Amino acid sequence: FVIELVVPFLFFVPDRWRRIRHAAALATIGLQMMIAATGNYGFFNLLAIVLCIPLFDDQALVRVAPGRGFGRRIQAGAPGEADTPDVRVSSERTIEAAHDDMRSEAASMRTRGALLPARRVRRRAAALRTVLAVLILIASATTVMREMTRTVRPGAVPAWMEHGFAFAQAVWVDPVQKVLLDFTDPFRSINGYGLFRVMTTTRPELIPEGLWDGTWMPYELRWQAGDAHRRPPFVAPHMPRLDWQMWFAGLDPRRQGRWLQGFADGLLETRPAVLVLLDRESVPETAPSAVRFRVYEYRFTTVEERQRTGDWWSREETGVIGPIQKQ
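Residue numbering for the sequence shown follows this note's numbering, beginning at 761 and increasing consecutively.
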């Protein structure tokens, strides 16, 4: 919680505390790597890591990626270093010619400096940063309040808090959204991001089965937790569409009923576009007479259970959806 809720504010510390900003970026990257090691969250962890790269300044990047002239090019433009003309004296050029080149370059630099004085540039940059920081702060705070007012459930919080959210919605969120949020939303820079607001603590799975000659036989998906004896395959960061949707269907089958019906129809009609998503070894050559979905609660086996049974999963049946027959 500290890395997710406190550390991000350290991204905005001044340059004189750059090491604190680097430490905050490394902490965030480390957290994302640990999260990625515990499960398949697709590209979300990679996205968060890439967004941390700009938190490192040029001098820090030189230490990570030296060579091939990269470090030399960055160091040449590092802040606080004076620009020095790159003049190489060889046997074909005299010292006097080199001095002439340096004087010409210095005169050119003075001319550019006269057009854009350094102090004026710094003042304009500071003013621009201040304006942007204020706008981002207002937009971010409004977005947080908007998400809170949208997701609060009646009766889940005290009545005075519900009235407070309603008041904030009327006098703060709605006016700012019309003026600022609607303008910034297309840039996808300041938006509500609630990928997993409440993480599930159980793993319900729908296992499709077909009926052949009075016997129900399971279909095996390539990546879904199915056969308890099968080791979980490694597929990250790819997120297989059908297997991923089956997880959501297990959480709330009624809301997913429309596409589950389409999936069952594809199995009954042996559509190639549907069968190609399954483990081919579990698909008989003939069409089933009916399809159903058995609902299981899955969990990983303990070390003792794994040694005793050889199973990777322990599952308990909790229900059945179907049967569904061809119409």
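Be aware that one or more of the hints could be misleading.
Unchecked claim - Derived DEER-like restraints, expressed as beta-carbon distance ranges:
id : residue 1 : residue 2 : range
1  : ASP1039   : TRP777    : 23 to 29 Å
2  : GLN1067   : PHE994    : 36 to 42 Å
3  : PRO993    : MET793    : 56 to 62 Å
4  : ARG1059   : TRP777    : 44 to 50 Å
5  : ALA893    : GLY1070   : 35 to 41 Å
6  : ILE898    : PRO992    : 42 to 48 Å
7  : ASP775    : GLN1067   : 29 to 35 Å
8  : ARG910    : TRP777    : 33 to 39 Å
9  : SER949    : ARG982    : 32 to 38 Å
10 : LEU888    : ARG1031   : 56 to 62 Å
Everything labelled a hint here was simulated from the structure, so no lab data went into it. In this text, all values refer to a predicted model and were calculated from it rather than measured experimentally. Ideal placement from N, C-alpha and C gives every residue a C-beta, glycine not left out.
PRO992 and ILE898 - C-beta distance against the hinted 42 to 48 Å: At roughly 45 Å between Cβ atoms, PRO992 and ILE898 fall inside 42 to 48 Å, so the hint holds.
33 to 39 Å as the expected CB spacing between TRP777 and ARG910, which holds or is violated: Hint holds: Cβ distance 36 Å, inside 33 to 39 Å.
Outcome for the supplied range 36 to 42 Å, where the beta carbon pair is GLN1067 and PHE994: With a Cβ separation near 22 Å, GLN1067 and PHE994 fall outside 36 to 42 Å, so the hint is violated.
Distance restraint hint 44 to 50 Å, applied to the beta-carbon atoms of ARG1059 and TRP777: 45 Å, holds
Cβ distance range 29 to 35 Å for ASP775 and GLN1067, holds or violated: Given range 29 to 35 Å: violated, Cβ gap about 55 Å.
Consistency of beta-carbon spacing, MET793 to PRO993, with hint 56 to 62 Å: 21 Å, violated
Cβ separation of SER949 and ARG982, checked against the hinted range 32 to 38 Å: 37 Å, holds
ALA893 versus GLY1070 beta-carbon gap, inside 35 to 41 Å or not: 58 Å, violated
Cβ separation of ASP1039 and TRP777, checked against the hinted range 23 to 29 Å: 54 Å, violated
Pairwise beta carbon distance, LEU888 to ARG1031, judged against the given window 56 to 62 Å: Taking Cβ atoms as reference, LEU888 and ARG1031 lie about 57 Å apart, which means the hint holds.
Hints 1, 2, 3, 5 and 7 from the earlier list are contradicted by this structure; the remaining hints agree with it.
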